[in-house]
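In order, the protein sequences belong to chains G and D. With numbering that gives the first Met the number 0 applied, the first sequence corresponds to residues 0 to 275, in that order. With numbering that gives the first Met the number 0 applied, the second sequence corresponds to residues 0 to 275, in that order.
Among these hints, one or two may not hold up.
Copies of the same chain look alike in the list, so a pair counts if it works inside one copy or between any two.
Stated by the list, open to error - Using 20 Å as the maximum straight-line C-alpha spacing, the simulated SDA-like pairs for lysine to any residue come out as follows:
| hint | residue 1 | residue 2 |
| --- | --- | --- |
| 1 | 219 | 12 |
| 2 | 242 | 130 |
| 3 | 219 | 3 |
| 4 | 219 | 5 |
| 5 | 180 | 16 |
| 6 | 131 | 36 |
| 7 | 21 | 10 |
| 8 | 26 | 10 |
| 9 | 195 | 116 |
It should be emphasised that the hints constitute simulated quantities derived from the structure, not laboratory data.
Number of protein chains: 2
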Amino acid sequence: MQNLKSHKSFEGLTQFWEHESKSTKTKMKFSTFIPQGEVKGCLIWLSGLTCTDENFITKAGAQKRLSEKGLMVICPDTSPRGLNLPAEHEADDFGSGAGFYLNATTEGYKDHYRMFDYVTEELYALIQKEFKIAANKISISGHSMGGHGALVLGLTQPEKFRSVSAFSPIVHPTQAPWGQKAFTGYLGSDAAAWKKYDAVELLLAGKRHPNALLVDQGLKDPFFEKQLMTGHLTEACQQVGQKAQVHLREGYDHSYYFISTFIDAHIDFHAQALNA
Amino acid sequence: MQNLKSHKSFEGLTQFWEHESKSTKTKMKFSTFIPQGEVKGCLIWLSGLTCTDENFITKAGAQKRLSEKGLMVICPDTSPRGLNLPAEHEADDFGSGAGFYLNATTEGYKDHYRMFDYVTEELYALIQKEFKIAANKISISGHSMGGHGALVLGLTQPEKFRSVSAFSPIVHPTQAPWGQKAFTGYLGSDAAAWKKYDAVELLLAGKRHPNALLVDQGLKDPFFEKQLMTGHLTEACQQVGQKAQVHLREGYDHSYYFISTFIDAHIDFHAQALNA
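For reference, chain G alone in the conformation it holds in the complex (with noise of 0.2 Å):
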């Protein structure tokens, strides 16, 4: 593990890194911020599409409340990079940038695009080896196509993730063209293998988190009605007696000016959880 940059900031410390993966077999980039003091906990962060691991330390305006709460941070890059997979550079939302924190199955992804092995299995061993937190200290949360990872990853692993939120996650992904596109592209044709990726069913098909899911919607957000689908969260989480607080946020969009705005209270859900 590398040390690419560090920067001081509220006391602690913003830095870059990169790690050979094993999940991926390409190498990977994180961004962290550690407080300081006694580090009580870790949030993962996993961001949308076309992102990398810095926006959401650039941008969030999530530094001060961590380090109020003794937090740490940890935000992985959205996909692997340096290779040259069939399709892999051509869309925003399929390939680089777009890992949907998936196992892929289909020629070429399968052997790299592993997101989801990455973040549930090397970077979840990783946060307790390298920055020694607690297995029972971590929890997660996301944006877009990171919130969807984030619902997805905390349903399928709630033992793992103590609490779990998210901004104006795809919550339907097989309903949803991104989804459909990329789980095409990732698991094939056969519909029925992209369920295990795809919040609203997993929850039809009994998976639970222990404590209430946090969800933020803008409702100007250009991707709410065809792509997020939020209601069909609450919908299921109705129906099938899954806790959750979804807030939607009128005139609030899909930018981190969106998430900045809310993220001091995502941030204290997580710390009232972890009990930092």
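Chain D: place on chain G using the hints.
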């Protein structure tokens, strides 16, 4: 004045604008954050080398405190754009992205690089006309080259700016490689003409601001000794009796991670001067 983008944040609006500038005879861009409710004053933010109207508004994390204090911020671009003057696009520290907040006198540049007039006359009038801020409710701050700009504009026209602060300012540009290169290119080789754009020289020549100046400088800033020379400002202030609070911050560098750590204190400082 054309609105390019608008994002709700902290119940206010983060916005991007473009207008035809009489000072630069080009289009100029700027960004703003306007809090919800009564707007009690305006902070002008001047950015540093290579920056645009976007850096501060996306990376400083200032919107929350501005919202709490009822202050707007306006962040102009750092130079005219869309021109093709000799050597204008060859280096990071001269020409585009490096206007140095002066009125150029050299051939070609004198027709467009008039950032001093642009900020103190044109943008200053626009703030009053378009955003309905009273002339006695305007303060100024900036970073690096923009910290230089804030100090120079504030000391030159103290009646226009209620309070002046800076992060990592180039306090003595006539003695710094960045300043010497830029001033030669914009003002010619007669160094006597440079002094009116140099904060330390302005103080020594009798310019004062009625309020204390506020400066934050990281001690791990790679430009601290050779380009910024904060100590020269402290000494000049002591020598001439200009009140100043100069904070040297152990471990902090030149980045927006540093700015974001201390921006709330600067906003509070300006809010107090503006009775906001």
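Can you name, in rising order, the numbers of the hints this structure does not satisfy? When the structure is compared with the hints, numbers 2, 5, 7 and 8 turn out to be violated.
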